[in-house]
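Novice: Okay, here's what each chain looks like letter by letter:
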Amino acid sequence: MNVASKVQETSRSDGPRQSAKPPFLGFGLGLRHQHYDEILSGNPPIDWFEIISENYMVPGGQPLQTLEKIRARYPLVMHGVSLSIASTAPPNFEYLQGLKDLAHRVEPKWLSDHLCWTGVHGKNLHDLLPIPYTAEALDHVVSRVQLVQDFLGRPIALENVSTYVQFNNSEMTEWEFLTELSRRSGCWLLFDVNNVYVSAFNHGYDPLTFLNGIPADRVVQFHMAGHSHMGTHIIDTHDHPVCEDVWALYAAALKRFGRVSTMIERDDNIPPLDELIAEVERTRAMAEQVLGPAPR
Amino acid sequence: MSDLARQQADFQRGILAGDDAVLAEIPDSDKEKRETLFGVYRYAYGSRLVEALRNDHELLHGYLGDEMFDEMGHAYVKARPSQHPNLRWFSQGLPEFLRANAPYSDYPVLGDLAALEKSLNDAFDGSDGPILALADVAKFAPEIWQDLTFTPHPTAARLDLTTNAPAIWRALKNDETPPDAVTLEEPARVLVWRQDNTPMFRELPVEEAMMWDEAAKGIPFGVLCSMLATYDDPESAAGRGAGYLHGWVTSGCLTGVAA
Numbered sequence: 079m080n081v082a083s084k085v086q087e088t089s090r091s092d093g094p095r096q097s098a099k100p101p102f103l104g105f106g107l108g109l110r111h112q113h114y115d116e117i118l119s120g121n122p123p124i125d126w127f128e129i130i131s132e133n134y135m136v137p138g139g140q141p142l143q144t145l146e147k148i149r150a151r152y153p154l155v156m157h158g159v160s161l162s163i164a165s166t167a168p169p170n171f172e173y174l175q176g177l178k179d180l181a182h183r184v185e186p187k188w189l190s191d192h193l194c195w196t197g198v199h200g201k202n203l204h205d206l207l208p209i210p211y212t213a214e215a216l217d218h219v220v221s222r223v224q225l226v227q228d229f230l231g232r233p234i235a236l237e238n239v240s241t242y243v244q245f246n247n248s249e250m251t252e253w254e255f256l257t258e259l260s261r262r263s264g265c266w267l268l269f270d271v272n273n274v275y276v277s278a279f280n281h282g283y284d285p286l287t288f289l290n291g292i293p294a295d296r297v298v299q300f301h302m303a304g305h306s307h308m309g310t311h312i313i314d315t316h317d318h319p320v321c322e323d324v325w326a327l328y329a330a331a332l333k334r335f336g337r338v339s340t341m342i343e344r345d346d347n348i349p350p351l352d353e354l355i356a357e358v359e360r361t362r363a364m365a366e367q368v369l370g371p372a373p374r
Numbered sequence: 031m032s033d034l035a036r037q038q039a040d041f042q043r044g045i046l047a048g049d050d051a052v053l054a055e056i057p058d059s060d061k062e063k064r065e066t067l068f069g070v071y072r073y074a075y076g077s078r079l080v081e082a083l084r085n086d087h088e089l090l091h092g093y094l095g096d097e098m099f100d101e102m103g104h105a106y107v108k109a110r111p112s113q114h115p116n117l118r119w120f121s122q123g124l125p126e127f128l129r130a131n132a133p134y135s136d137y138p139v140l141g142d143l144a145a146l147e148k149s150l151n152d153a154f155d156g157s158d159g160p161i162l163a164l165a166d167v168a169k170f171a172p173e174i175w176q177d178l179t180f181t182p183h184p185t186a187a188r189l190d191l192t193t194n195a196p197a198i199w200r201a202l203k204n205d206e207t208p209p210d211a212v213t214l215e216e217p218a219r220v221l222v223w224r225q226d227n228t229p230m231f232r233e234l235p236v237e238e239a240m241m242w243d244e245a246a247k248g249i250p251f252g253v254l255c256s257m258l259a260t261y262d263d264p265e266s267a268a269g270r271g272a273g274y275l276h277g278w279v280t281s282g283c284l285t286g287v288a289a
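Residue numbers (this note's numbering), protein chains in the order written: chain G, 79 to 374; chain B, 31 to 289.
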């Protein structure tokens with residue numbers, strides 16, 4: 079497989095409109111309803127929160143009211159799971175309008191989703207499904223990102239997902255695909271440290287090769303999360319604390335990418351807020367250890 | 031069809047229909063067979079959607095227990111694949127599914143319990159709207175009360191349930207042993223709404239349910255009282271109507287009044 083030649087063959091435009099890189103927010107946490115009361119009563123020492131966009135794409139009531147209160151105190155970032163940017167089905171413009179309306183309301187520092195697809199033929203599997211890394215897929219996703227960014231009127235960030243399978247017809251690596259996607263579409267990259275670790279284990283490559291293949295100036299956010307090790311493969315369950323191997327990879331990511339907004343992402347088996355704050359504090363401490371104290 | 035479109039169709043069919051054609055496009059890893067690796071997606075699909083049903087129907091889950099609920103959940107997942115990008119709406123068709131498909135349709139309480147939970151979920155994050163206050167109604171002169179019409183709060187919904195599902199819901203909510211399910215001679219007329227961010231429901235007397243349903247259609251208060259007079263003592267109909275209206279206003283069920 080001649081990766082370089084395949085990448086060269088993909089159609090190139092004059093390059094996307096470049097937007098200003100989002101600001102460094104510090105060290106944050108995924109907002110979960112189990113912690114609403116504690117956050118509002120205690121103002122915990124978290125620099126920012128990431129919300130799951132779809133949780134607030136509802137008509138009204140307590141979720142949106144609580145979000146307004148938290149938004150008044152903390153910077154917010156929106157993170158979706160249903161954009162399905164790589165799907166070959168037509169985009170769901172009703173969903174995109176809902177996303178745009180929520181972004182108008184929340185005024186997030188940025189908005190992200192995943193490099194994946196969630197369904198075709200009118201069905202939604204509610205999973206982050208993998209794609210082959212082909213020139214055809216790259217052209218397709220670049221055009222979809224450009225469309226979505228035009229529709230939303232803002233750039234998006236895309237996250238590398240954990241994958242359990244690869245495709246025989248892939249023509250480039252995942253990091254080459256992400257690099258080209260970001261360069262050609264102008265999207266930012268959300269570098270999920272755990273997902274790199276999971277995919278590297280599952281597919282038998284060195285996570286540092288992935289890490290070093292990503293352009294440092296395109297990464298606006300790190301995700302840190304836990305997973306479930308099945309022996310022969312790892313499943314990205316987000317229901318455990320971050321493991322030591324992923325902390326080590328985070329240190330390497332800090333060295334390569336510098337000061338990047340970082341957050342702890344827990345989606346299941348949600349622990350008390352204090353436990354997650356301790357993990358947030360560890361991301362902060364490790365960044366200071368690797369990069370020195372944050373400028374005031 | 032492009033290679034990518036064909037590949038995605040194969041991949042999806044592999045998950046939804048168990049079709050193994052997609053395996054020809056996937057290599058084994060150095061540690062595991064492709065069947066097992068692809069199986070992660072197959073397993074995650076059903077378990078994630080059944081988990082969503084558990085979250086939305088906590089009391090139905092408690093009523094059926096893990097094994098029966100999961101069996102029912104997988105049957106629903108198979109019959110009604112999700113078509114909405116937001117998982118929030120996946121369970122919307124569950125009451126209708128339970129009422130239309132055996133063996134669940136043999137136990138009407140299941141559809142009723144699911145319908146009650148669905149309505150409460152919908153009230154939880156339903157549209158916001160103003161809450162009518164007693165002062166808003168009192169400002170109208172008595173002589174034009176007969177012409178007043180009322181607008182329900184956007185979260186208010188009416189259900190007619192054929193079983194004692196409301197009593198079973200209350201018992202389950204309080205961690206008590208639920209009563210045996212019975213089919214009622216007269217349906218339970220339930221009003222669901224949101225009060226102070228909390229979904230609520232109560233069972234209405236038959237004439238109050240009639241008055242609510244007609245008021246929601248824009249029938250003015252004077253006519254509503256005439257309709258109440260056909261249900262019980264005509265002399266006290268206006269007083270009963272005013273009493274029901276007072277209850278709706280003080281519990282936050284109404285959003286507007288107009289003459």
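For the record, the hints were derived by calculation from the structure and aren't laboratory data.
The beta carbon of each residue, even a glycine, is placed where N, CA and C say it ideally should be.
Treat the hints loosely; a few may be bogus.
Stated by the list, open to error - Taking CB as the label site, the calculated pair distances span: (1) ASP317(G) <-> SER157(B): 29 to 35 Å; (2) MET308(G) <-> GLU215(B): 42 to 48 Å; (3) ASN246(G) <-> ASP205(B): 49 to 55 Å; (4) ALA246(B) <-> GLU359(G): 51 to 57 Å; (5) GLU206(B) <-> ASP115(G): 25 to 31 Å; (6) GLU88(B) <-> LYS147(G): 24 to 30 Å; (7) GLU206(B) <-> GLU116(G): 51 to 57 Å; (8) ASP317(G) <-> GLY252(B): 44 to 50 Å; (9) HIS199(G) <-> THR280(B): 46 to 52 Å; (10) ASP228(G) <-> TYR261(B): 55 to 61 Å; (11) ARG110(B) <-> MET308(G): 27 to 33 Å.
Novice: Would you mind marking each hint as holding or not holding in the structure?
Specialist: Each hint tested on the structure:
1. Roughly 33 Å separates the CB atoms of ASP317(G) and SER157(B), a value that falls within the hinted 29 to 35 Å.
2. In this structure the hint that MET308(G) and GLU215(B) lie 42 to 48 Å apart at CB is violated, the actual value being about 55 Å.
3. With their beta carbons about 54 Å apart, ASN246(G) and ASP205(B) fall inside the hinted range of 49 to 55 Å.
4. Separated by about 53 Å at the C-beta atoms, ALA246(B) and GLU359(G) satisfy the suggested range of 51 to 57 Å.
5. GLU206(B) and ASP115(G) have their C-beta atoms about 27 Å apart, which keeps the hinted 25 to 31 Å range intact.
6. A hinted range of 24 to 30 Å holds for the C-beta pair GLU88(B) and LYS147(G), which are about 25 Å apart.
7. The hint said 51 to 57 Å for the Cβ distance between GLU206(B) and GLU116(G), and at roughly 30 Å that hint is violated.
8. For ASP317(G) and GLY252(B), the Cβ-Cβ distance of about 60 Å falls outside the hinted range of 44 to 50 Å, so the restraint is violated.
9. The hint said 46 to 52 Å for the Cβ distance between HIS199(G) and THR280(B), and at roughly 50 Å that hint holds.
10. Our hint of 55 to 61 Å for ASP228(G) and TYR261(B) holds, since their Cβ atoms are close to 60 Å apart.
11. In this structure the supplied range 27 to 33 Å holds for ARG110(B) paired with MET308(G), their Cβ-Cβ distance being about 30 Å.
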